[in-house]
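Enquirer: Residue strings, one per chain:
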Amino acid sequence: MDTHSFASLAHVRILLLPVGLIPQSLFESYASEIRTYTSLKLAEIPADTRDGKAARFLPNPMSTGYLHLSFPTHPPAQSQGPLSLLRPSIFPLAVVGIAACSQGDNLRSLHHQFNSNLEDIFPAGSTFPLVRNCFAFEETEGTVNLDTGESLPGLTIVPCIAKRKLHLGTLLGVLCSQILVEFGTLTQALESPVGNEYLNASLMPLPPPLSELPSPLNRGDSIPNISSHNSQPEVTRSSFTLGAAPTLKRMSTAPSTAPSRSNTLNVTVPSKKRLSTYGTSSSHGRLYKMLGDFFLLSGRSEDALICRAETRYNEAALVFRSANDPLWYASTCEGMATCSIIEAWSAGHGLNNSTTAVKEPWHDVSDRLTQAINLYQRTAAPESEPTHALFVFLYCSCVLRQSSLLFAVWSAKGWGPLAFTTMLQPGPRPFLPPTLTAGDRTNYLLLERLSTLTGISRSSIASCLGQLHGPWLLHLGQRERIAVLEVTASIYACIGYQRKEAYILREVLGCLLDLMVCGREEDGYTQTPNIPQSAGLGIHNVHPVAGVNWGTVGVRLSESTAGNESILKLLAYICRVLGIDLEAIGLSEATEARVVEHPPSLNKYDEDIVDELREPLGWPELQVGVVREAVAVAEALPDFPTVAQFALSSLKTLQTVLTPNDQYHLYATASRALLTSRRRGDPRAIEYWSGRPIVSISVAPLPTIRIPIEKPRSIRHKVLDPAPILQGIVDPFLYNPRRASDKGTSLVVQNEMLEFVITLQNPYIFDLELQEVSLSTSGVPFDSQPMRVVIPASTLHQVVISGKATETGVLTIRGCFVQAPGGIPREYILPLYTTEEEERLARKRRVILSESCRFKYPPLERHPWTQADKHKSIPNAEAAIGSAFKFLECKVVPEQPLLRIRRSSVTHGALMLYDGEKSIIRITLENVSSIPVDFLHLASEDSTIGPSQKALQEGNLSVFETYETEFNLIHRPVLTWDKDESKSIAPNQNLTLTLGCFGKVGCTNGVIHISYAYSQDPRLGDSGSFYLRQVSYPLMVTVYQMLECSAMDLLPFPAYPQVRRSADTESVNPKDERLRHLDISDDGWCLFSIEVRNSYGTPFDITLFRTQNGKEEASSTTTIPPGLVIPIRKIVLSDEAVSKIIPTLSEKQFVVATSNLTKVEEKAQRELFWYREELFKCVSARWHETGGTRSGELSFRAQRLTLPMLETFRLEIAQVSLSLEREDNEEEEREISYTGAKQYLKPNEFVQLRAKVMNLCSFPVVFTLDLEATPSEHLIYEGIFSELAIGRLQSGESKEISTTLCFLACGRFELSAKARGFGSSETEGRVARTHISAIVTED
Amino acid sequence: MSHHLFLLSPSDTPLYSLTHQSSKPVATITSPLASNLPTWSTSAFAGTLTALSGASSTTQHTSGGAVKVGGGQDRHVIQMIANASLDVIEDEMRKQNLMYFKSIDKFNEWTVSAFVTPSNMKFVLLHEGKNDDGIRLFFMEVWELYVKTAMNPFQTAHTAVRSSVFDTRVRNSARKYL
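Chains V and Z, in that order, give the protein sequences.
Residues in the first sequence are numbered consecutively from 1, following UniProt numbering.
Residues in the second sequence are numbered consecutively from 1, following UniProt numbering.
These are computed hints drawn from the structure, not numbers from a lab.
Because the structure is a prediction, the values reported are computed rather than measured.
There's no promise every hint is true.
To be verified - Derived DSS-like pairs (lysine-lysine); straight-line CA-CA distance at most 30 Å:
(1) Z:K176 <-> V:K413
(2) Z:K130 <-> Z:K176
(3) V:K41 <-> V:K165
(4) V:K950 <-> V:K1295
(5) V:K1163 <-> V:K1177
(6) V:K413 <-> Z:K102
(7) V:K165 <-> V:K604
(8) Z:K106 <-> Z:K176
(9) V:K569 <-> Z:K95
(10) V:K804 <-> V:K891
(11) V:K413 <-> Z:K130
(12) V:K891 <-> V:K1130
Produce the complete structure using the sequences and hints provided.
Expert: The following block contains the structure:
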């Protein structure tokens, strides 16, 4: 390819051509050996001065100039034929065939091949090449058995000797001298009047044909093979072809662009007509210019004035300035510019020091080129097509010349030897000065430094280069256009203008693919069915052609994939510049292996967060367009895995900006491509692409009967702790470390089905198909089947994966493996969102967000891939966290027994109870597993527990209420169970459990939890825990409240002996039967009474029981409604008993007495409490359904004990007894005492009133006694009656005092005594009373 | 004569774009080189090439199937040119302490003028004729309008400008100066 080197005008082109069966590598090595000669000293060129005239271009032996050589391997396009005089330097002046000759090779046949190849490449009659020669390289030394005697003209054997390179130099020198001789011949021809006329005949003249030359030229010497080649038979071309061949083919099919041979040959005909038009036959401008060109080529820039190229050019310029010949003038300007550079080079080359001029010398050169460009631009184009292409070619190469001048000076840090070398470099690849390396291209500082040093800004280079671009590029032939655009792109790249480079590269791609597609069409194989018509940019006219080939069998030709890779690389580069990473999704060998990273990579995990928060970058519309083009290009190649890669990468990176149509199209394309690639057996597969598909993984909750619960072994022997019942499940600790650690793990059972619920997401607008989703686990082996999932468009989707853990231990669920169809499985880890993890993610987000609105870097340097390089040091610090991820864990425990409830005695699970009723239910359990159960524990809950617990929690209850509530909870559970029942169930056996039920008002439902385990499991070993399972039996409970107690009362109950007497006689009456209990003779009793109301429809019998120490049990039965009474013995409780604080049954640790009662109040409250407790101990009631079987207990707990009742119930502090005695008569006395409370006395008699006070307290008390008698006016007494001091009495001690009194009248007298205690607070205000009646009669 | 205005965020994302057809006539100097263009093959890629090289005056294109862009100019190519000119703008704005860069770049038939705000927003205008003062005034007005829009607390440097008021005023201003 042409490299558009600056000094191409001064380069002598020698075309290297492979001849015979020479391997490419060998050809390349020989070619590179030849290419080391970039310049030849003129002194080294043999001056063959046979002919004075011919020696005109040959150098003097002493001359110091250089001949610059370049060695292309491609012949010029035939369409450029018309330029042969205007721009001789683009044609190869000589052809060197390179052949490898080994033993047995026929030199003659090689020679023939060479000639016939030449004939193919160059049209007959063309001026160039001037010299042709074939170098036959000997492969091994000493094989010179070739018959050198038969010397073939134009064939040179290059022996394989040590100094072969030197030898080659000599050969090239000879070749060059031949060229220079030919120059002379050609000039001679043109200098003749006929020649000059030819020269001026048209805009782009052709050299005169041989026949018309005036003087016979002895060309036979120098080109002896011309006459002979026609007779040579056509030799088949070797399989190794140079790029020229397809070009030729292409040309032949597009006749509009490429002229055929005949066209070129016939140009002479119109040129004759033009002769008169131009009328410049006398002008020698063009001749001078030609001479200048030849002198330039022959390196004669330093010679005497007459021979210098520059002089000739100046002469020509003088002529053209007046004459209207812009094309030639422009060409002359270019030549002059080249001249000055060559001169500068040779000057600098020898001295090797840069000249310090006042004005930068390149300005002149640049001005001259600007002039040339303007001239080219103004040239009026003739009508015919091929000249258009040539014009544009000249224009473009001129622009490139100027640009490369600026670029060379800029890149070489100024005007100096380096710049000249850059400009003169002829190689097949563009030469980059060492100041620019590939990595520096985006380094702003380095680039700017060059600008500052040289004074050439990058923008000036760019603007110069910008002139090149325009619609006229379409005129160029494909090959020239690609070459021009390539050079343009590379200059843009070098000055760091990446976006412009990308623009040009897109055009390059367009050219290349156009060639490819058209080339295929010529093969007779159309790709139309495979490539959608809408491919390409989508910005051109689309003519959807109905696929003719639809439904027909496509014939697949073997396609060469050479070069595909480079095209894809180019695409990826363009996209990167525009901010899309086409390789965001990798392409690698298809594998089914599941790669698990240890420790999990943090970057991979955070990738999605980073992506999600990434600021928009680049130009969305352009990106979409480019991406579409990229996919189309990859499809046209075709490279199916890459199609998928590109399509999916862009789906991933551009998801937010792609329209639904585009998304769908890309996805469809990718799927189709993947299918095709799999069908064709492509080993590559794409990585997983669609972002993080997993949102969450959770263990699906096991059915409750299967959940194992870990318990310490000690629980088996533990007494039931009431605390849980009272407090519910509420944890009293704000921070419970044990609970926190339990969070991540759940218990699962070995070999039982385990289900995981995986939430997947699909952010796209199409249904996303996942070929495989499976769990990524570590630890215990987990046996599960992957599943195929289709996630509906833009939704969250849940799937359940089930499996079994086959061993015991810890099962860690790291995440999921997902695999898209035709892709590689990828693991997505999903750590638990622990606090640290959340904190870390939040921090990451903050970092990204705080960066996102700061524009520290120019846009091109903000791409994620460039950023990655800059922030390399940071992730290392964070990488350690990766290992700290916590994952979902399951503890797999050994296989467990399983029970089920086979039957129960409760119909429909509903239980109907009366309030306080006690009944039993039976539940039959069946062991359905093969493991025995040896531990069984029942627990129950019911609907009354919750509200009570809540009330207790709130703590607003009084101490008394608290006690009641707690009592209810602990001592009156709805469901009870006998703990001593049989506890083991063998496999497949049944066990019936009996449970007690208690009717409690307000209970609506209850649950029986039966926990069981195989606690002696040998697999558990010595671990301190075992595993429980629970089976629950829910009950519906209905409790009817049919009996309502109210108005409990305690009444004083003095002894009434006469009642007993009457009861003795009539014992038939049931009412009297009840009253029998009231037959109590001695003191110290009180009467317990209660009202019971039956609010239910059926009658109930109620029995009141009394159980008191030392007294016989008594009961009183009645059929409700009437109330019930029973006498009970008064009691007194010791001070210690009474002063105890009201207990809390829960034994709570932190009960703080919150009451703010005074001491006295508190004491009273405690007394009330303890006496009530005592009362309920001795009185209980049971009910019985009249005529039925149901019975239960009647609770008085709702009743209150009031202070008067307390006073009644409690024994007095002292026992006071009064008696009256006649002083004189012993017998009477006895009689009196016999009558008891009533005494029959006579008036006006002195009687002794004895009052006996006995201290009933447990401590000594000081008593006073008040006596009273009514009516007091009818009796007299001795001493005082009130506040009689009795003194201190020890506990149980008694004292009697007696007073004499006399009744003055007959009648009934009431005598009463009140004993008061003093001395301690307990006794204060408590009075013991007694009274007697005295009936005073006369007889 | 058409104008294409792009407001680009600091990350090169267009926040607003406007195509304005000016009533002013333009003296289009077509290079003789660009005349008589050949029609190339009909392959899709040749179409791309044709469009990118700027030789699209002969054919009308629609991009995306719906939006028809006036002036026979392909929208995608216009955007490519505007995008490519950012290279020069970025280069120049680092070197020169200016806001208005007149005719900073030329590509195909387009001249590119740019205006860089202190917050690194770039206004890029593709125009054909020479109208330095008008463009400067136009840019100043657009800047003022943009600053007013940016004062909206919900407007960030990445949010597209969708305000209809902004749009109307920019259009008015374009009518006035371009």
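Enquirer: All the hints need checking, so say for each whether the structure fits it.
Expert: To see whether the hints hold, each was checked on the structure:
1. Z:K176 <-> V:K413: 47 Å, violated
2. Z:K130 <-> Z:K176: 16 Å, holds
3. V:K41 <-> V:K165: 16 Å, holds
4. V:K950 <-> V:K1295: 57 Å, violated
5. V:K1163 <-> V:K1177: 21 Å, holds
6. V:K413 <-> Z:K102: 29 Å, holds
7. V:K165 <-> V:K604: With Cα atoms ~56 Å apart, K165 (chain V) and K604 (chain V) exceed 30 Å; violated.
8. Z:K106 <-> Z:K176: At roughly 24 Å apart (the allowed maximum being 30 Å), K176 (chain Z) and K106 (chain Z) satisfy the hint.
9. V:K569 <-> Z:K95: The given pair, whose Cα atoms are some 33 Å apart, is violated under the 30 Å limit.
10. V:K804 <-> V:K891: Roughly 13 Å separates the two Cα atoms, so the pair holds.
11. V:K413 <-> Z:K130: Not satisfied, since the Cα-Cα distance of roughly 35 Å exceeds 30 Å.
12. V:K891 <-> V:K1130: Violated, because 64 Å separates the two Cα atoms, which is more than 30 Å.
Of the numbered hints listed earlier, those contradicted by the structure are 1, 4, 7, 9, 11 and 12.
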